Structures are given as C-alpha cells and as structure tokens.
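Novice: Make the full structure from the sequences, and use the hints.
Each chain is listed here by its residues.
There are 2 protein chains.
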Amino acid sequence: MNRKTYDTIIAVASGRKEADLCIRHAKILDVFNKEWFDGDLLVSEGYIAGTVESGRGKARAYEEAGGRYLVPGFIDSHVHIESSHLSPTEFSNLVTPCGTTTVIADPHEIANVCGVNGIKYMLSSSEHAALSVMLMIPSCVPATSFEHSGANLDAKAIAPLLGKPRVLGLGEMMNYVGVINGQKAVLDKVWEARSRGLIVDGHAPAIAGGDMSAYVASGVRTSHESETPKELRERIRLGLYVMLRQGSACRNLNGLLGGVDGNNWRHCLFCTDDRQPKSILSEGHINNNVRMAVAGGLDPVTAICIATINAAECYRLDDRGAIAPGRRADFLLLNDLKEFNPQRVFILGRQVAENGYLQVRSEAIEPKNVTGMMHVKDFSAERLALHLRKNHVRVIDVIPGGVVTASGEATVKVEKGLWVHDPAADILKIAVIERHHATGNIGLGLIRGYGLRHGAVAISIAHDSHNLIVVGDNDQDMALAVQDLVRLGGGVALAKDGEILGDLALPVAGLMTDQPAREVAGELAKLHQIAFCTLKVNKDVDPLMTLCFMALPVIPALKITDMGLFDVNAFKRVPLEL
Amino acid sequence: MNRKTYDTIIAVASGRKEADLCIRHAKILDVFNKEWFDGDLLVSEGYIAGTVESGRGKARAYEEAGGRYLVPGFIDSHVHIESSHLSPTEFSNLVTPCGTTTVIADPHEIANVCGVNGIKYMLSSSEHAALSVMLMIPSCVPATSFEHSGANLDAKAIAPLLGKPRVLGLGEMMNYVGVINGQKAVLDKVWEARSRGLIVDGHAPAIAGGDMSAYVASGVRTSHESETPKELRERIRLGLYVMLRQGSACRNLNGLLGGVDGNNWRHCLFCTDDRQPKSILSEGHINNNVRMAVAGGLDPVTAICIATINAAECYRLDDRGAIAPGRRADFLLLNDLKEFNPQRVFILGRQVAENGYLQVRSEAIEPKNVTGMMHVKDFSAERLALHLRKNHVRVIDVIPGGVVTASGEATVKVEKGLWVHDPAADILKIAVIERHHATGNIGLGLIRGYGLRHGAVAISIAHDSHNLIVVGDNDQDMALAVQDLVRLGGGVALAKDGEILGDLALPVAGLMTDQPAREVAGELAKLHQIAFCTLKVNKDVDPLMTLCFMALPVIPALKITDMGLFDVNAFKRVPLEL
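Residue numbers (my numbering), protein chains in the order written: chain D, 1 to 578; chain X, 1 to 578.
In case anyone wonders, no lab produced these hints; they're calculated from the structure. Everything numeric in this text was worked out from a predicted model, so none of it was measured. Built from N, CA and C at the ideal position, the CB exists for glycine as well. Careful: at least some of the hints might be erroneous.
Said to hold, decoys possible - No more than 25 Å apart at the CA atoms, straight line, and that leaves these computed lysine-lysine pairs for BS3-like:
hint	chain 1	residue 1	chain 2	residue 2
1	D	4	X	184
2	X	156	D	4
3	X	4	D	184
4	X	34	D	230
5	X	34	D	34
6	D	278	D	536
7	D	27	X	230
8	X	164	D	164
9	X	164	D	17
Stated by the list, open to error - Short derived list, chain X residues pointing at chain D, Cβ under 8 Å:
hint	residue
10	3
11	4
12	13
13	34
14	36
15	46
16	49
17	182
18	218
19	236
20	237
21	267
22	316
Claimed, not checked - The following label-pair restraints were derived from C-beta to C-beta distances:
hint	chain 1	residue 1	chain 2	residue 2	range
23	D	67	X	350	52 to 62 Å
24	D	154	X	355	49 to 59 Å
25	X	127	D	17	24 to 34 Å
26	X	567	D	17	24 to 34 Å
Specialist: This is how it looks when you write it as structure tokens:
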C-alpha cells in the first residue's frame with residue numbers, strides 16, 4: 001500500500017470521501033469473534049474501508065451479495081507452484097476461481113535448476129498476477145551432495161533474497177538432521193532468517209522428542225509433515241503451526257483432523273504443498289481443504305478461520321485474513337458452507353472470478369534466464385549402454401501409491417557384458433542425465449514394477465535436482481525421448497519404436513509452462529493414456545509422478561541420481577552389482 | 001540471543017550437551033493446546049531447551065517443582081512505568097515478585113519532560129534489569145499545543161528511535177481525532193511505524209462506527225480504552241487486540257470480562273496502564289488481572305494464556321509467552337490457580353523471587369540527562385498574585401473519584417484587585433508553573449471541591465506536560481512548596497505556615513526515583529495523611545492524583561495549563577473572568 005492509498009482509505013472510513021465499491025446485504029464473517037453479522041462492505045482503492053449496517057453503505061458502485069456469506073480470501077500456507085507445471089500467472093488463473101487469494105510459495109524446484117535467477121523469476125512473474133504470491137527462500141539447494149543440481153544456495157546467497165519485497169522468510173528446512181546435529185552451514189541459513197525476524201518453515205517427518213525440540217529451538221515455525229492427531233497436538237504444544245495438507249500425493253487432512261479442537265485450532269493451517277492441475281480442476285484448491293474439514297466434522301467458521309486469519313497471523317500478513325478496516329479487499333461470496341465453491345472472488349477489490357470462471361486473466365511475462373536449461377553434454381544412445389560384469393544386481397522396486405521404493409535384488413540377463421531387457425521380468429533400465437552443468441554425467445540403474453512393456457518415458461522433473469530421468473526397455477527409444485526433452489527445453493516425452501508418441505513442453509526451467517491449466521491437464525491426461533494403453537505401464541503406478549521421485553535421495557530406500565545408485569538408509573552411493 | 005547461545009540450546013535439546021538446569025516434577029501449561037502436562041523443564045543459557053517426561057530430565061543443577069503449576073511469566077501489554085514513581089530498575093524489583101517478567105512500556109511521561117533523552121534513559125536504565133522491558137515510542141509529545149512540554153517529537157524525531165533494540169513500535173496514538181481527520185503530521189508517525197512492520201498501540205475512548213474504522217485502518221493494533229463487553233467485541237471484530245486494564249485509577253477488567261468468550265479470548269490482553277506502588281504492593285500486578293479474571297468466571301488456563309501467549313503474539317515476541325523450545329526461560333511456579341501469587345519466579349532461567357520476596361535485585365544505573373529538569377524562571381510568591389477585575393469567575397469543579405472536572409462558576413472575594421481566600425467557600429488558588437524552557441509562564445486559576453483549609457500542595461507530575469502544579473489558600477505556602485520542588489529536582493511537597501510538612505523527591509525527570517517501592521509507598525502514605533489530617537483535603541479526593549490530572553487538556557471539562565485556563569469541550573483557552 002502506498003501513502004496515497006493509505007490516506008484515502010482512512011478518509012473513506014471516516015466518511016470524508018466516497019468509497020469505490022459497496023457490497024450490499026452480505027452475511028459477513030468476523031474471524032476474530034468467530035461470528036456472522038449482516039452488513040455492507042465498503043472498498044476503497046482495493047482495501048477494506050469498513051463495514052456498515054446492511055443496506056446503509058454508500059459508494060460509487062454497488063454489488064449485491066443477496067445475503068450470501070462474505071468471507072476473507074483463502075490462503076495456501078505452503079505450496080510449490082512448480083508442482084502444478086504452471087507458471088505463476090497460469091497458476092493464479094487456475095486457483096483464484098477456487099477462492100485462493102494468497103499463497104506462500106516455496107520455489108524450491110526452480111531454485112534447484114536456476115538458483116537465484118529462478119527465485120527472481122518467481123518474484124517477477126507473480127508481481128502482477130491477481131493472486132498474491134508471497135515467497136519463502138528455499139533453504140536446501142541442493143537437497144543433498146550426492147547429485148548435481150543447478151545451484152548451490154548457502155547463507156550468503158540467501159541473505160540478499162531475504163530482504164526482497166514479498167519474501168517472508170526461509171523455506172522448509174528439510175535438512176532437519178543437519179539442524180539437530182548443529183551443522184554450521186545449515187544453521188547459518190536459519191540464523192540469517194531468524195535474526196531478521198523472518199519466518200522459517202519446517203519439514204520434519206516422523207521426528208519427535210529431543211530431536212523435535214532441537215528443531216523447534218532453531219526457530220522453525222511451521223510443520224506440514226504431520227501424520228496423526230497425536231503428532232499434530234505434540235507439535236502444536238511446541239509452538240509450531242501445523243498444516244493440514246491436502247496435495248495430490250500427500251493427503252494428510254483427514255488423518256490430522258481428529259487432533260484439532262476448540263483450543264488448538266489457532267495453530268492450524270491449510271496447505272496443498274504439491275498439487276497437480278488435474279486435482280485442482282476436479283477438487284479445488286484450499287477450498288477443498290475447507291470442504292473436507294467441514295465434511296470431517298469441523299465447524300465451518302473454524303475451517304474458514306484456519307484458511308484465512310490463522311495463515312495471516314502465522315506469516316505476519318497483517319494486511320489480510322480478515323474482513324476489517326485497512327486490510328486487502330480479498331474476499332469471497334459463498335452460496336453455502338458445505339461446498340465452498342465461491343460464487344464470486346474479489347482480490348484487491350476487483351472481481352476476478354464468478355462461479356468458477358476466471359474473469360480477470362493474469363497475463364504471463366516473458367521468462368528471463370529460466371528457459372533453455374538443458375545443458376546436456378555428449379548424450380547418445382550409446383551412453384545408455386549398461387555394462388555388467390555380474391548378473392546379480394540391485395534393483396529399485398517401485399512401491400505403488402507412494403514415493404518410497406524398496407531396495408531389491410535380481411538376477412538379470414547379460415549379453416556381451418551388457419544388460420538386455422527380458423520381457424518376462426518387468427525390469428527396465430532407468431537413467432538420470434545431468435542437465436545443469438554439462439558434466440556429461442549419466443547414472444544408470446534398473447527398476448522393477450513400473451510395468452512398461454516397450455518404449456520409453458522421459459521427464460525433466462526429478463526431485464529435487466531436476467536432472468533428466470528416463471525409463472525404458474531399449475536404449476534407442478530412451479535416447480529419442482531424452483533428445484526430445486532437450487529439444488523442448490524440458491518437459492515430458494514418450495517414445496516407442498523410434499517415434500515420439502506424445503510430449504509436453506515445460507520450457508520454464510524444464511518444470512513449468514505458460515500454457516493454461518486446462519490444456520496442460522488435457523495433455524497430461526493424453527500422455528497418461530499413452531503410457532498405460534500403448535506403453536503398458538503398470539496401472540497401479542502414476543507413469544510420470546513415479547519417475548519424478550526416483551531421483552530423490554532423501555526418501556528411502558534405493559534411488560538413482562546422475563552420480564549413480566543411492567542407498568538412502570545407508571545414506572551413501574552403492575554399486576549396481578552385488 | 002547470540003549465536004553461541006543459539007547453538008548451545010539446540011545442542012542441549014538434541015541431547016548433545018547437558019542442560020544447565022532442570023525443573024523437576026512440574027505440571028506444565030501448554031498454552032497452544034490449552035492443557036496441562038506433567039514434565040521436567042530443561043533450561044540452557046537462560047532459554048528453554050525442551051520438556052521431558054517427569055523425573056527424566058538431566059542437568060547440571062536441579063530444582064524441585066513438587067507438582068506445582070509451571071506457567072510462562074506474565075506480560076503487561078501496556079504500562080507507563082513512570083506512574084509507579086519508580087525508575088525502571090525499582091519497578092522491576094517491585095513487579096517481578098508478582099510474576100511479571102515482561103512489560104511493554106510507553107515512556108510517554110518522561111518523553112514529555114526529557115524528549116529523546118528520556119526515552120534513551122528508559123532504554124538504558126532497563127537494559128540490565130531482571131524484568132524484560134520492551135518499549136513503544138510515544139506518539140503524542142506534546143499531547144496538545146495548548147501547553148509547554150519539554151519536547152516535541154515529530155515523525156522525523158521518532159524514526160531513529162523506532163529502529164532501536166527492544167523498541168516494538170509506536171506508543172498509544174492518543175490523537176485519534178488527528179488520525180480520523182487525516183492530519184498529515186499525525187499520520188506521518190503512524191505511517192513511519194507501520195512501514196517498518198512495527199506495532200502501533202491505540203487509545204480511543206468511546207469512538208465507534210466509521211471513526212473507529214478509520215482509526216483501525218491507520219494501522220492501530222490495540223485498544224486499552226474499552227468500557228463495555230459490547231465495545232470489547234466490536235473492537236475485536238475490527239481486528240484489534242483489546243486490553244483488560246486494571247490500573248490504580250482506571251479499572252476496566254470486571255466491566256469487560258463479560259465480553260470474553262471461547263472464541264475471542266485470542267484477541268484479549270491484560271494491562272495495568274497506570275498503577276501506583278501502593279496498589280502493586282497490596283493487590284499485585286498482572287497476577288491481579290489474572291486473579292480477578294478467574295474470580296470473575298474465566299477459566300484459569302484462558303486467563304493465563306491472555307497474560308502470556310496472547311501478549312507475545314500481539315507484540316510479535318516469538319521468544320516468550322510459552323513453555324516451548326528456544327523461548328526465554330521466563331516462568332512461574334504457582335501453588336494454586338486462584339491467588340496467582342507465584343511461589344517462585346524465574347527470568348532467563350534465574351530465580352528472581354520466591355513467595356513474593358525479591359531474590360535478585362536489579363541495581364539502578366546513574367541517570368543521565370534526565371535529572372535537574374526544573375527550568376523555572378523568575379518564580380516568587382508575587383508571581384502567584386491573582387489579579388481580578390471582576391468577581392464572577394470560572395472555577396474548576398473537582399469531581400471526586402475521576403479525572404474529569406466540571407466547568408463551574410462562582411462569585412469570589414476580591415480585595416484591591418486581588419483574589420483572596422474565603423474560608424467559607426472551599427475555593428482555592430491553583431497554578432501551573434512552566435518548568436521545561438524557563439519561559440516564566442504561570443497559569444493561574446481557581447479550583448473548588450479540593451477541600452484544603454490552609455497550606456499548599458505542589459507536585460511535578462502533571463499530565464501530560466508535567467509542569468509544576470500547586471494548589472493552596474495562600475501564596476506564601478504555595479511558593480514555598482514550589483521552591484521545595486525546584487530544590488528537590490521534582491517530586492511532591494506539602495507546606496503550611498511557612499514550613500514544609502513533608503516532601504518526596506522524584507529527581508528523575510521530576511517523575512521517578514531510584515528509592516525502593518516500599519519506601520516510596522510509605523512516604524506517599526505519610527504525605528496523604530498530612531494532606532488529609534493537617535491540610536484537611538477533602539477525603540473523597542486523592543490529594544496528589546487529583547492534581548496530576550488538572551493540567552491535562554484532553555480530559556473534560558475545564559483544565560489549567562501553564563498558558564492558562566482551558567475549556568476542553570470547546571478545545572480552546574478561556575479567560576478566568578466571566
């Protein structure tokens with residue numbers, strides 16, 4: 001808010017100037033007393049000037065609420081926008097009709113590809129979006145030292161970013177082991193954010209007791225990795241804000257809801273973390289969390305408060321989260337307190353969506369320094385040849401429905417010192433091709449349970465370093481798919497018998513596109529169909545998402561990076577041959 | 001907290017280092033879930049490392065809680081330390097045994113006398129006190145332009161002070177009329193604090209509707225001037241934190257309690273605002289608010305949460321307000337949940353009081369640039385002569401039990417053009433003598449209902465400019481009392497028949513002393529006795545406090561400043577003669 005707007009809002013509130021807009025006859029939520037009241041809402045220069053008795057508001061323009069519920073816009077407390085495959089503007093176009101008006105975004109994925117440039121792109125590309133995008137600076141780039149990512153952000157690199165507008169603090173500190181063990185380089189980053197009075201997001205699956213105390217003592221403020229009501233309550237006891245996450249893959253909301261009560265709701269938040277365009281289009285965004293919470297027995301006012309004022313308080317966003325004077329005029333009109341599909345969505349006093357349809361499209365800006373991120377060296381089908389001296393080897397066993405794998409063993413077919421595909425065995429070749437520094441690194445391994453019969457699937461989204469990952473039964477199709485990715489500047493490619501059957505370009509860092517959500521979701525659905533019907537991928541696994549997590553060396557048990565096979569439990573590289 | 005301490009606490013929490021102190025077998029309050037749990041508390045370098053199962057804590061030293069309640073230290077959300085007549089260190093010695101471990105202090109009084117030097121003194125003198133003193137920078141110095149105060153703090157003067165350590169924001173914005181009317185110089189100050197993301201305290205008696213919306217839109221966050229449950233709820237609806245104040249004069253707690261419920265308690269705070277040493281010694285400090293709230297029907301846990309975590313959240317003091325890892329080890333052991341007289345008080349892990357007795361005395365520092373603030377020019381008994389051309393005059397009518405006066409009229413005795421005291425009339429002379437800039441200004445008036453028969457009472461505390469104020473039946477005793485104040489460097493003086501009957505020196509700005517609270521309270525009791533028994537002051541009025549508010553030109557109806565009589569309702573100076 002600038003000073004002119006500030007002066008104007010005060011003048012309008014006090015009656016010295018006329019309001020721009022009056023929303024008449026609304027049932028307004030008072031999130032502080034947790035009660036409804038009938039009133040008219042006065043808006044000036046995009047901010048709330050106040051509420052007056054129903055029907056008494058005066059303004060230059062009027063909108064009729066017709067007795068509908070008027071509530072603050074919803075806030076997603078933790079999201080990786082990149083997981084939607086959409087640029088921030090297209091993400092805005094997708095989620096604002098759902099009633100999400102603010103997100104706290106952690107650009108961890110693009111930072112792993114483009115470093116500081118990626119974070120700057122997320123800031124600049126979201127600057128003029130309808131959605132208010134606040135940023136947390138990624139704390140763990142790279143995630144581990146057992147792979148090559150595009151950047152390395154230490155405390156010194158992070159410091160200037162923490163001072164930028166719309167930056168609220170440090171993103172999820174995934175290296176909780178480093179925090180607990182007091183690793184200086186890790187604590188340097190937390191200390192930097194903390195010393196500036198900024199927020200530090202947490203990420204601590206399954207830790208408790210003294211370890212959790214140490215993690216909280218470091219200054220972490222939130223947790224989105226809780227699984228049970230007991231864990232939720234224990235973490236709230238430590239002062240953490242606990243997020244009830246409902247992503248595409250990780251769906252914790254129902255499992256946590258039993259722990260929320262009339263006392264501790266104050267420290268609960270909603271988030272999506274990672275949510276696919278398909279899920280958002282079919283189920284919604286934060287309104288889905290609210291709907292599920294209410295369906296699960298939470299009273300609607302508490303659910304709305306969790307989605308609004310709680311997030312605002314946690315992240316010190318005093319300018320939103322409530323229908324109160326001086327705050328942003330980000331609000332929704334709701335037909336009911338069950339479905340939470342907003343009849344209308346207003347952001348900064350402007351109606352951006354009605355009945356699920358976008359009315360004000362946020363236009364993409366030209367991406368700078370974040371395209372063409374395909375620095376692949378010396379790649380050819382020959383580089384995929386898998387030399388084996390023994391035929392008893394480690395294989396990555398896919399566990400359907402999750403991101404965890406098992407570390408398996410198998411006896412495979414070896415001809416002339418090279419692995420060959422055995423159609424009877426459901427074992428495929430998997431390769432990770434370094435794409436940031438043109439090192440020419442290729443990690444090779446074997447994967448079981450993916451089910452593909454013939455062909456290859458390649459993708460440039462491979463958490464967290466986002467090298468290229470490809471799986472297939474033959475090197476030619478695998479190479480073709482990879483070469484297609486390089487040509488596209490990143491994305492997804494499916495190949496069979498020397499032909500590209502389908503692909504999707506994700507030119508922004510190889511992670512995102514400026515295409516609209518519906519088109520992206522449609523393309524992805526087509527690619528899924530090809531994967532299942534033509535390539536015969538196992539129907540129990542997601543053909544793309546599964547691959548995205550095969551290179552993540554912090555999730556058990558056996559993973560593969562551009563530097564080779566990695567045993568997560570032992571936390572070290574291991575050879576393919578046993 | 002410095003980095004070494006930070007690293008140590010994490011190490012202790014994780015079990016890599018031993019704790020300094022373990023409080024064993026406590027019933028610990030979890031303010032976030034609002035429930036009790038049995039445990040041991042681990043303290044390291046003055047901070048909480050965590051809690052462990054009861055009896056399982058390991059440390060270099062142990063203290064036995066014996067099953068007592070362990071709760072966070074209490075926070076006074078708004079206090080003028082000067083009103084205790086004690087320096088910050090002596091104030092600390094007085095309130096810490098009551099369980100107050102943090103105060104948010106607004107040094108409005110000393111700022112009116114000493115300006116920036118006064119604020120710096122409050123910061124430096126409190127720096128090493130056991131009590132944690134956080135400061136709000138006074139927003140209204142001087143309170144009005146109809147009097148001479150010692151300083152004038154505009155936005156430019158305030159800006160550098162807002163950046164100092166322990167400064168949380170801008171003190172109570174009393175000029176709500178200026179805010180509502182959009183006066184630039186007033187809004188400049190609020191904008192300055194707001195732009196830095198700092199807190200702005202409010203002060204808005206009896207305003208509502210659009211005016212209140214304008215006031216809140218300016219960025220004000222708190223209110224301690226609420227009177228009814230309805231007002232409390234209306235203000236909470238606007239997003240304000242509402243303070244349940246229990247001072248010596250203003251006692252709003254019981255009147256507001258009916259508005260607090262299971263939903264809005266989150267936006268309630270406790271404060272004392274102005275509290276005399278006598279009240280603190282006899283009733284307590286914030287523990288008195290907690291006790292009264294519980295006696296009034298609030299559940300003890302909610303009352304304690306209001307006194308602790310709510311204040312911490314409102315003022316963004318993330319390092320306190322809860323028993324949780326990484327926070328200050330400021331906590332109390334309580335025998336019961338009724339009296340709230342702490343059995344022991346710990347601040348930064350050190351026991352500072354036991355059973356009401358101070359164990360760690362905070363030693364005063366030499367006051368700098370805040371003593372000898374008696375710049376009185378050309379004063380003598382002759383200057384008190386009250387020349388009248390008419391005998392029908394305005395008189396200030398004292399209304400017992402409050403700070404409001406009535407604007408009265410009277411026909412008085414005039415001899416040789418001078419007012420003379422009429423023993424039958426209960427009308428006395430009152431004078432305000434400018435003491436900041438040696439202007440030689442003296443405002444003269446008449447006061448009815450104070451009841452003094454013979455002699456004079458003078459005091460250097462006269463809100464908000466704190467010029468000297470004196471009342472009496474004869475100029476010689478009045479002059480003697482004033483001259484005694486000048487000699488003392490400020491304070492209170494009672495004179496009769498050419499003799500000082502009693503006095504109390506308040507050498508710090510003429511407002512405070514480094515003497516201990518019990519001595520000050522004893523001296524004040526003696527002075528009260530002299531005022532009542534020897535000078536025959538009306539028993540219905542407080543002989544000192546009443547005078548303190550006679551020069552406050554923002555409280556109706558007729559007041560007197562060094563510039564003469566002031567009609568508060570008309571907001572202008574008026575002549576004595578009608």
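Novice: Indicate whether the distance between the beta carbons of residue 567 of chain X and residue 17 of chain D respects the range 24 to 34 Å.
Specialist: Between residue 567 of chain X and residue 17 of chain D, where Cβ atoms are some 31 Å apart, the hint holds.
Novice: Taking 52 to 62 Å as the stated bounds, is the beta-carbon spacing between residue 67 of chain D and residue 350 of chain X within them?
Specialist: holds (59 Å)
Novice: Do the alpha carbons of residue 27 of chain D and residue 230 of chain X lie within 25 Å of each other, as the hint requires?
Specialist: holds (20 Å)
Novice: Per the CB criterion, is residue 46 of chain X less than 8 Å away from chain D?
Specialist: violated (13 Å)
Novice: For the restraint on residue 13 of chain X, tell me whether the closest CB of chain D is nearer than 8 Å.
Specialist: holds (4 Å)
Novice: Taking the least C-beta to C-beta distance, is residue 4 of chain X closer than 8 Å to chain D?
Specialist: Where the cut-off is 8 Å and the nearest Cβ of chain D is about 11 Å from residue 4 of chain X, the hint is violated.
Novice: Is the interface hint satisfied for residue 3 of chain X? The criterion is a beta-carbon contact with chain D at less than 8 Å.
Specialist: Hint on residue 3 of chain X: holds, closest Cβ of chain D at ~6 Å, below 8 Å.
Novice: Measure nothing beyond the straight line between the CA atoms of residue 34 of chain X and residue 230 of chain D; if it is 25 Å or shorter, mark the hint as holding.
Specialist: The hint holds at about 15 Å.
Novice: Is the interface hint satisfied for residue 49 of chain X? The criterion is a beta-carbon contact with chain D at less than 8 Å.
Specialist: Constraint on residue 49 of chain X satisfied, holds at 7 Å.
Novice: Does the interface hint hold: is residue 236 of chain X within less than 8 Å of chain D, judged Cβ to Cβ?
Specialist: With Cβ-Cβ at 5 Å, under 8 Å, it holds.
Novice: Between residue 156 of chain X and residue 4 of chain D, does the CA-CA distance stay at or below 25 Å?
Specialist: Roughly 19 Å separates the two Cα atoms, so the pair holds.
Novice: For the restraint on residue 237 of chain X, tell me whether the closest CB of chain D is nearer than 8 Å.
Specialist: holds (5 Å)
Violated hints, listed in ascending order, are 9, 11, 14, 15, 25; each of the other numbered hints is respected by the structure.
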